[in-house]
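Student: Letter by letter, the chains look like this.
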Amino acid sequence: MSSRLQRALEQAGLEYRPESPRIGLHCSLLLEPEQLRPLALALAREGFFIETVTAVDRIGEGLMEGIYLFNHYDGDMRLLARLPVSRTRPVLPSIGRIFPGAVWHERESAEMFGITYDGCPDSRNLLLPEDADFHPLRKDFTGV
Amino acid sequence: MSAPLTYSLESTDNGNFLLNLGPQHPGTHGVLRVVLQMDGEYILRADPVLGYGHRMQEKIAENMTYLQALPYVCRMDYLGAMSYSLAWVLAVERLCSFEVPERAVHVRVIACELNRIASHLLWWGAYLLDLGAFTPFLQAFADRERILDLLESITGSRLTYCYFRFGGLGADVDETFLARVAEFVTGFRSRLPRYHDLVTGNVIFQRRSRDVGVILPFEAAGYGITGPCLRGSGLAYDVRKKEPYSGYDRFEFTVPVAQEGDCLARYNVRMAELEESLTIIEQAVATMPEGPYRARVPRVIRPPEGEVIMAVETPRGELVIHIVSDGSTRPWRVKFRVPSFANLSIFARLARGQLLADALAILGSLDMVIPEVDR
Numbered sequence: 001m002s003s004r005l006q007r008a009l010e011q012a013g014l015e016y017r018p019e020s021p022r023i024g025l026h027c028s029l030l031l032e033p034e035q036l037r038p039l040a041l042a043l044a045r046e047g048f049f050i051e052t053v054t055a056v057d058r059i060g061e062g063l064m065e066g067i068y069l070f071n072h073y074d075g076d077m078r079l080l081a082r083l084p085v086s087r088t089r090p091v092l093p094s095i096g097r098i099f100p101g102a103v104w105h106e107r108e109s110a111e112m113f114g115i116t117y118d119g120c121p122d123s124r125n126l127l128l129p130e131d132a133d134f135h136p137l138r139k140d141f142t143g144v
Numbered sequence: 001m002s003a004p005l006t007y008s009l010e011s012t013d014n015g016n017f018l019l020n021l022g023p024q025h026p027g028t029h030g031v032l033r034v035v036l037q038m039d040g041e042y043i044l045r046a047d048p049v050l051g052y053g054h055r056m057q058e059k060i061a062e063n064m065t066y067l068q069a070l071p072y073v074c075r076m077d078y079l080g081a082m083s084y085s086l087a088w089v090l091a092v093e094r095l096c097s098f099e100v101p102e103r104a105v106h107v108r109v110i111a112c113e114l115n116r117i118a119s120h121l122l123w124w125g126a127y128l129l130d131l132g133a134f135t136p137f138l139q140a141f142a143d144r145e146r147i148l149d150l151l152e153s154i155t156g157s158r159l160t161y162c163y164f165r166f167g168g169l170g171a172d173v174d175e176t177f178l179a180r181v182a183e184f185v186t187g188f189r190s191r192l193p194r195y196h197d198l199v200t201g202n203v204i205f206q207r208r209s210r211d212v213g214v215i216l217p218f219e220a221a222g223y224g225i226t227g228p229c230l231r232g233s234g235l236a237y238d239v240r241k242k243e244p245y246s247g248y249d250r251f252e253f254t255v256p257v258a259q260e261g262d263c264l265a266r267y268n269v270r271m272a273e274l275e276e277s278l279t280i281i282e283q284a285v286a287t288m289p290e291g292p293y294r295a296r297v298p299r300v301i302r303p304p305e306g307e308v309i310m311a312v313e314t315p316r317g318e319l320v321i322h323i324v325s326d327g328s329t330r331p332w333r334v335k336f337r338v339p340s341f342a343n344l345s346i347f348a349r350l351a352r353g354q355l356l357a358d359a360l361a362i363l364g365s366l367d368m369v370i371p372e373v374d375r
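As they're listed, the protein sequences go chains R and F. Take the first sequence: its position 96, counting from 1, is numbered 96 in the working numbering, and each next residue is one higher. Take the second sequence: its position 58, counting from 1, is numbered 58 in the working numbering, and each next residue is one higher.
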């Protein structure tokens, strides 16, 4: 079933390591930012769909962890890509030109965590007011 | 992709004009604003403006214990609250490795499927209202009312149900409830042809919805479309089948699919799903096991450190809950990946070049709940 997943990872030059399906995932990857776009392209080519783009604030380690979830309409192929970057000025690559649906997810994640999505076709706020310059989902956010 | 729309009046110089669609009052059905750049009756560009119903649900959940967050979860999609509630308790149960008694599994399925029918009925009525027909709305509400009465009798609420608990249910159901559900299934099945007589074959409805707003399968993947919107484009992705949860694998049902990808296809899929939900409810009632309705779980939920992902098929598509636990009583991070958000994101693409009236037909056919989009 996960041969598509294996093929996509192979194209992106990544190793396939199955995850325990008990936590709802079939593969999770720890990536460097420059590995993301080749992976997204390979996944798009194999027909994967974008589930979400988000982040986890690891304030204790000084890291901002970019989270990308993909899945396939054939099922049983959920893939999580994790991209830890510096928390002070987090920059992540945008996949909005590969998966158009990622643009909204990136806009949301950008305003909530203060992440810059490099190359995102639209950088306006999505859910917060257009002039909001605070990032509510950061763990050190204390209110406006 | 084109540059972001600016709202200056300069764009009127070339004969185009900006049209502001919404927002409407929070009390009405959905508070969505769409800025449309028009050339006469045709849409050049559509730009949905979100956030009018934004409540920062994810931050709220991070500041609460797992149990305290439970009633909040149901307030995102107020038409499919059961599925949301289910996703939250399943995610926490998966995180803490709690077992759920068989009886609770069956009741959960019955409640979720009744809720799905109610949600589809409201969509059916409201969609026809969008297209200018008033009677169907009343017809749908008569049957929806029966379901709300049923669910009220076990949950105490009519919309934002908080009935499931970690390890089971808040209260058991009795024989009267099961008998009333069985009665509803028979009654609704006999009334279903009326829905088709009234609307499905209607020539005005057919011409408003056929070949309008076509979603192609490869585009669906690019935008992450799920639910009936996806199955109207020929892809049989249903979380209940692909990643069975809460005992859905023991019930026999099919996943209705239509190939055309237009508004009519999405309509047909939802209508067929009504019947499938009835089939599931019937089986769940007929094989209802005896026994406890709730397992013993710790009073204070303190999951181990780790992450969990739980996907559930809500009436609108795939809901994914991602919980990151740091081992304390509150989640470190909660992400709600909601179906309406992804389904609405394709609207700008579908509306481009369409007549304004067709764009409204498309918007309605996507069946989104705005408080769910905004969270």
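These are calculated hints, taken from the structure and not from any lab test. Treat the hints loosely; a few may be bogus.
[Claimed, not checked] Label-pair restraints from in silico Cβ distances:
1) F/TYR78 / R/GLU34: 50 to 58 Å
2) R/GLU10 / F/SER190: 49 to 57 Å
3) F/SER97 / R/GLU15: 23 to 31 Å
4) F/SER190 / R/ASP131: 54 to 62 Å
5) F/ALA286 / R/GLY143: 47 to 55 Å
6) R/SER86 / F/GLU145: 38 to 46 Å
7) F/LEU67 / R/VAL144: 48 to 56 Å
8) F/GLY15 / R/GLN6: 50 to 58 Å
9) F/TYR78 / R/ARG124: 51 to 59 Å
10) R/ASP131 / F/GLU41: 27 to 35 Å
[As the list claims (entries may be wrong)] One side of the interface only, derived from the structure: several residues of chain F facing chain R at Cβ under 7 Å:
11) MET56
12) ILE60
13) ARG103
14) ALA221
15) TYR223
16) PRO244
17) ALA342
Where is the CB? At the ideal position from N, CA and C, for every residue including glycine.
Student: Against this structure, judge whether each hint is valid.
Tutor: Outcome of the hint check:
Under the hint 50 to 58 Å, the C-beta atoms of F/TYR78 and R/GLU34, about 43 Å apart, miss the expected range. Remark: the range hint 49 to 57 Å for R/GLU10 to F/SER190 is upheld by a beta-carbon distance near 55 Å. The given range of 23 to 31 Å is respected by F/SER97 and R/GLU15, whose C-beta atoms sit roughly 29 Å from each other. Range check, F/SER190 to R/ASP131: Cβ separation about 56 Å, and the 54 to 62 Å hint holds.
Taking the beta carbon of each, F/ALA286 and R/GLY143 are about 53 Å apart, inside 47 to 55 Å as hinted. The given range of 38 to 46 Å is broken by R/SER86 and F/GLU145, whose C-beta atoms sit roughly 55 Å from each other. Look at F/LEU67 against R/VAL144: about 28 Å separates their beta carbons, and that is not inside 48 to 56 Å. At about 54 Å, the beta-carbon gap between F/GLY15 and R/GLN6 stays in the expected band of 50 to 58 Å.
Evaluation of the 51 to 59 Å hint for F/TYR78 and R/ARG124 yields a failure: the beta carbon distance comes to about 28 Å. At about 34 Å, the CB distance of R/ASP131 to F/GLU41 agrees with the hint of 27 to 35 Å. Taking 7 Å as the C-beta contact cut-off toward chain R, the hint placing F/MET56 at the interface holds, the least distance being around 6 Å. Hint status for F/ILE60 relative to chain R: violated, with the closest Cβ pair at about 11 Å, above 7 Å.
For F/ARG103, the suggested interface contact is broken, since its CB lies about 24 Å from the closest CB of chain R, more than 7 Å. Taking 7 Å as the C-beta cut-off, the interface hint given for F/ALA221 holds, the closest approach to chain R being about 4 Å. About 4 Å separates the beta-carbon of F/TYR223 from the nearest beta-carbon of chain R, less than 7 Å, and the hint is met. Against a cut-off of 7 Å between C-beta atoms, the interface hint on F/PRO244 is violated, since the closest Cβ of chain R lies about 10 Å away.
Given hint, F/ALA342 at the interface with chain R, holds; its Cβ is 6 Å from that chain's nearest Cβ, closer than 7 Å.
In summary, the structure is inconsistent with hints 1, 6, 7, 9, 12, 13, 16 from the numbered list given earlier, while agreeing with the others.
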